[in-house]
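Engineer: Sequence:
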Amino acid sequence: MAAHYDFTSDSDNLYATLPGSSAMEFVPQNMTPMKSNLSPEREVAGCHPTRWIYELLNNDFTVCDLFERARQLTPDDSRLWEHTHRLVMNGNQSFMDRSSKLISALCLDCHFHFVFKMKWDENHSYSLCNSTSACWPLPDDRFPWHHLVWVGSDTDASIAQDNSKYYPLLARENFVCSAPPCTFQVTLEVSQPRMAREWTQILLDYEGNRKQLEIERLENPERFEDAKDEWTLQAPLNLNTYLKNQLESTPETTRSISKRNKRFCVTFGTRSFPMFRGLEFDEKIEMSNSYDDGSFTPSPPSPPEGPNNSTELGTYRAYIEDVRAEVQSLIHRGTRQPEPPSFMTDVLYADLGCVEVTGVDIAPYVKTERYKLLGVLPGQSREIVTSAYRRQWDLMPSRRRDLVMSLMAIAHDSQDDYLSDYAIAQSSLFESQEQAPHIIDEDNEILQSLAYLGLKPPNRHGADDVIQAFRQKLAKAPGEASTARNVLMTLAQGSNDDMYQAKLLMETDTKMSLDTARAILGVDSGSDDGVVAVQAARDKVLAAKTREEKEVLLDALDSIAEHTSSHVVKHSVMELRHAYGTYGAGAMTDKNKNCPVDFTLPVGLDNIGNTCYLNSLLQYLYTVEPVREVVLGFDEYALGLNDDYIEKRRIGGNKMQMDRGEAVVARAFAQELAKLFQTLKTSDKSATRPSQRLANAVLLSTHTLLSSAKNQADVKDGSDVPPPPGPPPKTQVESEADDDTAATDVTMLDTPATDTDSISSSQTLIDADGVAITSKGPKRTAVLDVAVSETKSEEQTAHVEAKDTNMSDTESSDVDQKVLTALEHQKRSSGTDQQDVEEVMGSIINRLQAAIRPSSIDESTGIQLEKIMETFFVTTVNYTKKFDDSKYQQEISFDRALTAFPAPEGPCSLYDALGRNFDQQILAESKLSRYTAIKTLPPILHILIQRTQSTGSKNGNAVVIPETLYLDRYMDKNHSSPAFKSRVEDWVITDRIADIKSQLAKIESNPPYLGLLESGGQQSKETLGAGAIDADLEAPVEIGLGEENWDFDGPVDDDFVLISNQSKDAGVSWPPLPIRDVRETHESILQMMQDELKMHQDNLSTRLEGEKEIAYRLHAVICHRGHLTSGHYWVWIRDFQDGVWRWYNDADVKENKDTEEVLKTLSNGGEPYFLCYVRDEDKDKYVSVPKRDVPEPVQVEEPAPAAPELPGSPPGLVADEAPADIDERMDDDLVEIEAPVKDRTSGCEEPSLLD
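Numbering (this note's numbering), first residue to last: 21 to 1271.
Since the hints were derived computationally from the structure, they do not count as laboratory data.
The beta-carbon is built from N, C-alpha and C at its ideal position, and this holds for glycine as well.
Errors might be hidden in some of the hints.
What the hints assert, rightly or not - With a cut-off of at most 27 Å between alpha-carbon atoms, the simulated BS3-like pairs for lysine-lysine come out as follows:
id: 1; residue 1: LYS955; residue 2: LYS1001
id: 2; residue 1: LYS955; residue 2: LYS993
id: 3; residue 1: LYS282; residue 2: LYS304
id: 4; residue 1: LYS1017; residue 2: LYS1173
id: 5; residue 1: LYS1201; residue 2: LYS1001
To be verified - What follows is a set of in silico ranges between Cβ atoms, one per label pair, in the way DEER data are often shown:
id: 6; residue 1: SER362; residue 2: LYS1114; range: 43 to 53 Å
id: 7; residue 1: GLY882; residue 2: ASP1198; range: 22 to 32 Å
id: 8; residue 1: LEU885; residue 2: ALA471; range: 48 to 58 Å
id: 9; residue 1: VAL1004; residue 2: THR274; range: 35 to 45 Å
id: 10; residue 1: SER929; residue 2: GLU1129; range: 12 to 22 Å
id: 11; residue 1: LYS1207; residue 2: ASP655; range: 20 to 30 Å
id: 12; residue 1: GLU1129; residue 2: LEU885; range: 41 to 51 Å
id: 13; residue 1: VAL1004; residue 2: ARG118; range: 50 to 60 Å
id: 14; residue 1: MET1115; residue 2: THR984; range: 24 to 34 Å
id: 15; residue 1: LYS1114; residue 2: ASN329; range: 28 to 38 Å
Please put together the full structure from these sequences, using the hints given.
Structural biologist: Next up, the structure:
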């Protein structure tokens, strides 16, 4: 009987969507280096782990060509690859740790060895596929089972390098799980048998042994009188015992094997001598009466040194273990069969998170194409089938029709009504699907954007439909306008249709279109009556619950006033803003323009569309003397736009080359920055507005500007910036920034970072001394991230002529015009392209470097130096040393900033945060130790507090920021010096402090297990709560990773005592001992840990007390409140000359003279993000806050125009005339939300410093 569903329900509607097209929660895309080989251009099928194991054991991978290559490499015996492998555990080589597992096995029949190297990202272990998340129907954001995909084989050269007698590697195949959040991967290594075929023939030559025994009895009847016939069958048993003894012995306990031993003569004899020599037994030859009375002595292998005391592959010990395992396989298959071995397939199924399908070997459909294509086995559940179907859908877009057909056929095979209904729905949906020509991106971000707007995937909606959905969203939730605009921007970026993009981009502007404004207020588009719009706005504002909703509604009414040129509506907007205490972009400026300007305060910067992070950086850079010198004296430093000058210019430590477009953008940026700096000095306003041209030059890559210049030149962006090369505007554009209580202005969707956003450059240089040099600055934008070319300059100083040349070349002129035009008109995504203030700082520094010519060239490295690089770049040395090496390898880097990492739990000092970057790290798996040191320091030092965690969340733990930072402890030291030895000791103490803190953080004040212990363990599991049960369920499955259980050894003269596995219940049961003083013991141990922690902290503090010669003073702190993808930035800047701290929050500037209070505020939360220090002795030389020019007073005449009364307004209020006291009444009616900041402020209100 068929099942029936309600497709409008939350679960059943999953039937009505194709894979990847349903609305779902955000799914992280966790990548690994191996997983990055899953590229869209390479369509490769994967499979469920159960299918993967089946194909492995039966030598028949659907995609991987391992067994075809193996057959070609072993042409003498193709039968090796025609049987089903029976795998058993091998030796002491398997182990497991927190992020990896290794299983060593061999086939009982063919003796080929299989090593499974499983690995995952420990930081994303919670995102691994887990079968407990299975449900029906299966949504797109559930990943119950791994889906293994072959991502390639190691090269022949790599395999040849690792191939040896001890590890005759045949192939190495790599597989990854394709589930987006899962980082699980498997490397399968197949190696050939360790024993030569001749050795096996000797061990199994029972007839030859029988004849040898007959000969010995005839020639030496007395000596072989007690010889037994069963000796002829015991060669494998005896060799197994020899090898066991060898593995367990030491040089002092090794026992030799006499060549004249009666048993040895029968079972091995002279024909076996090559085998023992191959096993590297020490041979002793002692000839006596034509007989060799010598011996073979096993060479004791080195103790195991792998993880968890496991045996490392490729060592002599591993080789002996492998030979012994093959010998034991012979014993099992021989005439004397002891207790059978434990096959390890159950372990493999458990580790891959699946279960074996019984009877699959006789299933008639197992090798049919439909099961291969979906990567499943007959008889598997509908949840597994749909999970594999969804993974294959992503992996093979070109075969989706075949996948749907295979799903239909498998559903028919299974006779599962639920699966059949699902398959039918999928087939129907697929047949009706139409691909839109302008959509190029169907990833999760697009799907989330569609779901937000209430549109069904796939994205085949036209621009008008999307805009209509956007307007409906704003009408229902006006407070989400910022998010809705970013969603619209995401959809625009996911298209390659110019018209589609242009339409959507026009709607992202904060200045609404007339249709959008009307839609928000619910006004009929055919109505031009302003009274209707005003009344609709009044009603909706009255019903609005939040300040944001009221602001958007009044912004909509304001837009109607502007589009219809209605003074009546405009004054109604002013009235409503005043009545409800909300001030939009234009109203805020109107409100402040009559307030007296405090010329002792710096000029604020208006937010021009999610640019709070840019404003913070511009205010900071304005206080840096070298930056002001370069910008305001640009003609003296400018790089000429001659193509030859541009070709020779190399940027930064990587000596990056730039193209003409980048040079033009850099010059335009420097010129715009100069205009802004001039305005900051001469403005008579409380705040000014940075030009859109300046913001675009920083926030958009040159590639973006060039590629969109042809489309965006005709798209109005709403800013009043004159085209270049005109002068700066004479009048200030009205501020769009609201008061700081509504300043959370950077709302972003998860935008994938470009490949140019890496924390460091991958390019490496080599200096004259052979030391690797890299430029490892924190994240760079795409401004100058191009290929590195070698510098051909041979002069130490290169003064490039700054005189511009006339552009006679048509192509150069075209590039210049395209870039400059795009700077004027290109739309930004309201901040979503730049999520990180450090990236923007990198963009600014890169632009400034690209705009100026070098002042000198380093003779040894060819690096071109200039004032910007000399001011900000720090040189670090990365040291790496293998465990068995005596000397460090070093790599020199040029960094824009140092990186500090907050503690995973709780607060920490800035020294501790920096220590996580500089202190020694032990990489046990790679057998490496590494640390970083500072080689040279710039006068101004930037420190990025890296709050981005691998989990995709923000680390909000406080970092205690010192006013003076001493960097002596991080400076480079000679490795043979006492100072370095002292640093090594400091590292040991620091590690111990970190260990104790980590343990203390895990200790609860009153842990529940104390009650269990006090009760003698009699409490039931249920009394511990669900958490304890869940923990048990999630514990890893323990497997026998020790030596395999083969309970047989040969009957040699010196017998060995073998211990077989005993039942855990065997033996005498003793009553449990009473447990006393549990809580006292707990408190005592806790106090001991705290005492030890304090002792080490005091010791470390004393040791570092003398290292205070290299002092840097805190100059500025850029802060961020919010999440990784949204929030608001502001900056604190210290004026050393005036002895005051200033807080810049877009248009607002405030002062605080209490340094202690400022530092306490900064050190008590997770808001500080980017620290700016200046060398203490040079602070007056490198940083200062310029004083403003005080303008002459200007007389303003009072206008008195006449106009009709405003409809619906108080008597006497007329159009074109606001009440004379409207500004004063607006001020009087304001409600102070938070405590005001002391001292002075630039505006009429005093919002809290914490906003």
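Engineer: Run every hint past the structure and note whether it holds.
Structural biologist: For each hint, the structure was consulted:
1. Note on LYS955 and LYS1001: the hinted pairing holds, with a Cα-Cα distance of about 18 Å set against a maximum of 27 Å.
2. With a CA separation close to 9 Å, the supplied pair LYS955 and LYS993 stays within the 27 Å bound.
3. The straight-line distance between the Cα atoms of LYS282 and LYS304 is roughly 17 Å, inside the 27 Å bound, and the hint therefore holds.
4. Note on LYS1017 and LYS1173: the hinted pairing is violated, with a Cα-Cα distance of about 36 Å set against a maximum of 27 Å.
5. About 36 Å separates the Cα atoms of LYS1201 and LYS1001, which puts this hinted pair outside 27 Å; it is violated.
6. A C-beta distance of roughly 51 Å is found between SER362 and LYS1114, which places it inside the suggested range of 43 to 53 Å.
7. Between GLY882 and ASP1198 the C-beta distance comes to about 28 Å, which sits within the given range of 22 to 32 Å.
8. At roughly 52 Å, the beta-carbon separation of LEU885 and ALA471 lies within the given 48 to 58 Å, and the hint holds.
9. The hint said 35 to 45 Å for the Cβ distance between VAL1004 and THR274, and at roughly 39 Å that hint holds.
10. Take SER929 and GLU1129: their Cβ atoms lie about 19 Å apart, and the range 12 to 22 Å holds.
11. For the pair LYS1207 and ASP655, the supplied restraint of 20 to 30 Å holds, since their beta-carbon distance comes to about 24 Å.
12. For GLU1129 and LEU885, the hinted distance range of 41 to 51 Å is not satisfied, since their beta carbons lie about 26 Å from each other.
13. For the pair VAL1004 and ARG118, the beta carbons lie near 26 Å from each other, so the given range of 50 to 60 Å is not met.
14. With their beta carbons about 26 Å apart, MET1115 and THR984 fall inside the hinted range of 24 to 34 Å.
15. Evaluation of the 28 to 38 Å hint for LYS1114 and ASN329 yields a pass: the beta carbon distance comes to about 35 Å.
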